[in-house]
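Trainee: So the chains spell out like this:
Protein chains: 2
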Amino acid sequence: MPTLQAETESPRPAQQASPTLIFEVLHRHQHTMALKGAIDLELFTHIARGATTTAALAERCHADERGIRILCDFLTVIGFLRKTSGSYSLTTDSTVFLDKQSPAYMGSVTGFLSHPVILDQFRDIAGLVRNGGPDNGVGSMSPDNDIWVEFANSMVPMVSMVAQLVAPIVAKPGSRIKVLDVAAGHGILGISVARANPAAEIIAADWKNVLKVATANAAKAGVQDRFHTVPGDVFESELGTGFDLVLVSNFLHCFDATANIRLLKKVQSALKPGGQLAVIEFVPNDDKVSPPVAASFAMNMLGNTERGDVYTLTEFNAMFREAGFGESRIQQLQPTPLSLILVSR
Amino acid sequence: MPTLQAETESPRPAQQASPTLIFEVLHRHQHTMALKGAIDLELFTHIARGATTTAALAERCHADERGIRILCDFLTVIGFLRKTSGSYSLTTDSTVFLDKQSPAYMGSVTGFLSHPVILDQFRDIAGLVRNGGPDNGVGSMSPDNDIWVEFANSMVPMVSMVAQLVAPIVAKPGSRIKVLDVAAGHGILGISVARANPAAEIIAADWKNVLKVATANAAKAGVQDRFHTVPGDVFESELGTGFDLVLVSNFLHCFDATANIRLLKKVQSALKPGGQLAVIEFVPNDDKVSPPVAASFAMNMLGNTERGDVYTLTEFNAMFREAGFGESRIQQLQPTPLSLILVSR
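From first to last, the protein sequence lines stand for chains A and B.
Going by this note's numbering, the letters in the first sequence line up with residues 1 to 345, in that order.
Going by this note's numbering, the letters in the second sequence line up with residues 1 to 345, in that order.
Quick caveat, the hints were computed from the structure, so don't treat them as lab data.
Because the structure is a prediction, the values reported are computed rather than measured.
The reader is advised that the hints may include incorrect statements.
A pair holds if it fits inside one copy or across any two, identical chains being indistinguishable in the list.
[Unchecked claim] Calculated lysine to any residue pairs in the SDA-like style (CA-CA distance at most 20 Å, straight line):
id, residue 1, residue 2
1, Lys266, Asp225
2, Lys100, Phe23
3, Lys100, Leu21
4, Lys83, Thr312
5, Lys208, Phe235
6, Lys83, Asp286
7, Lys100, Ala17
8, Lys83, Leu21
9, Lys178, Ser344
10, Lys272, Gly324
In isolation and in its complexed conformation, chain A is listed as follows:
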């Protein structure tokens, strides 16, 4: 008897309706939780160390073999493992980012991205849409909210990659520069600039509890002498003046255009003439439905903030103009889904 070897379910003419996508999407919560579960089990690390069969993995993970097989097969389906003759191996992404022995390991990001508090923000999206946002959202930007400490601790590996791409572009090694890192979080962006330019002085602004994480990271990187902090609400605090560079990374998406223009005006007057603003953001195309990761980041803003959104370059340029800035330049920060926008005072 021939074995069923279909490549996909229901190959079909373009106009034939199929319930498969609906069924599949209603199970995608399992994709998130399976990846988190595999990271929790250090499954990728064990595979990298040579446990490539379900029996070997069950032993290393102190787990049930049926559970291991179901999880490994599932991770193969969603693209994090390969399976050959019953034995599993890592993909390029999981080798680089999910094996704990890798310098670029980023398993810790689940500490924020799949934190129960964050997951629960999205349990009732109809309610979010009716209310226009969360009632008491994690991203309500309440002072010293602990979730941002979790963020600062967990997201370092993902942000480090971005910082390594941005620092060489903005750090101007050889020049004495004064840098403001707005809503610095983990501080990694400013710290990377400080490492790329030994004459750079960094001022990191954020909530006091979050700045503790940034200060510890600065010490770890050996740049603590050139790393200073401004605690408090960046919309209200005295940020100083005479900056050569202001970094605003993954922050403008938390607010509406009115709030952003207010902040950008403040940033504009903090910059010295000829100074540069560097904005790191998810920037969708004008249609706001492509590219997929940047466009769908808006859903995070619906769940986690009161008025946040993703903005197109056209929308950012309007805010920049309103705040008194000149022309902007954008570049994609491949291989991440983020973009860098540079704007001159």
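For chain A, the structure is supplied; the task is to place chain B on it using the hints.
Mentor: Only chain B this time, still in chain A's reference frame:
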């Protein structure tokens, strides 16, 4: 200035690592919840009725316009809407299955598939893998568990499509047949056979509370005179003998091979010589990682059952042989992700 019009994030050589898939998968829980939220808001129905802009949709859904725009853009990214010049339209799938006015509307499936109890089964997949399954899983097959009433009520539209594909193949109109529907649930499969063959007599076996739903559905379909029930655990109850056809739909995946062989032996002796067993199942290829929907259904079994799994045709054939059955034939039930396996006594 050129506008950023990238088609996808990070087009890249095959071997360059990217954090994008990790980032994207850790947000896929939002895909599930966004589709559920849109169904809750009757968003697809409002679009079908002509509300195609964010302003019109916000009014019809009594919702916030920013929330509507973010949700509609998100649904466009994940494939349930199209967006043209700021106006949204339905895809083929959402026209047929997500508009409440459509006869094939299946929005109710979220009542089971994204029931909080079901979602919570997958909150700690590492724990599931360590324990080998849920401690007190919804699928522990405990007697008269209410979640199966929810299942029986919610899943009717999805199952109806399957039943309409299966009934013409197995119902033998013109012959007087006696049909056993094992773990009948909503009863839809047996009912469809009864409608396709006016001389068919159906005996539906399931928990007592679930059979109430099936009996109500039989009355609705006008086949109540030919619809009888056997309440209780199908592994233990007296199912009768002399059946021409036994239906076992989406049930064998809940158990291990040993339990399935026990049930199949019982089914085999309930059939008359020459009688037919019809099994409806998610049947992956021998690699167990393709096709994607059938293969990944195993994760449901890890979360919801103690020993369940998806089985390949090779594995099913071994169980059939062990239970005394003859040859099997398989066919895909396109456009669904399910397969029908027919086996003769």
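Trainee: Now, for every hint given, state plainly whether the structure supports it.
Mentor: Going through the hints against the structure:
1. With identical chains, the CA atoms of Lys266 and Asp225 are never at most 20 Å apart, being 26 Å at best within one copy and 78 Å at best between copies.
2. Proximity of Lys100 and Phe23 under a CA criterion of 20 Å is satisfied inter-copy only: 17 Å between copies versus 34 Å inside one chain copy.
3. For the homomeric pair Lys100 and Leu21, the shortest alpha-carbon distance between copies (18 Å) is at most 20 Å, but the shortest distance inside one copy (34 Å) is not.
4. Taking the shortest Cα distances, Lys83 and Thr312 sit within 20 Å of each other only across copies (16 Å), while inside one copy they are farther apart (40 Å).
5. Taking identical chains as interchangeable, the C-alpha atoms of Lys208 and Phe235 lie at most 20 Å apart only when both belong to the same chain, with a minimum of 14 Å there against 62 Å between chains.
6. For a Cα distance limit of 20 Å, the shortest separation of Lys83 from Asp286 across copies, 12 Å, qualifies, whereas the shortest one inside one copy, 40 Å, does not.
7. Only between protomers do Lys100 and Ala17 lie at most 20 Å apart by alpha-carbon distance; the minimum there is 15 Å, versus 43 Å within a single protomer.
8. Taking the shortest Cα distances, Lys83 and Leu21 sit within 20 Å of each other only across copies (18 Å), while inside one copy they are farther apart (24 Å).
9. For the homomeric pair Lys178 and Ser344, the shortest alpha-carbon distance inside one copy (15 Å) is at most 20 Å, but the shortest distance between copies (81 Å) is not.
10. Taking the closest pair of Cα atoms, Lys272 and Gly324 come within 20 Å of each other only inside a single copy of the chain (13 Å); across copies the shortest separation is 86 Å, beyond that limit.
When the structure is compared with the earlier hints, a violation turns up for hint 1 alone.
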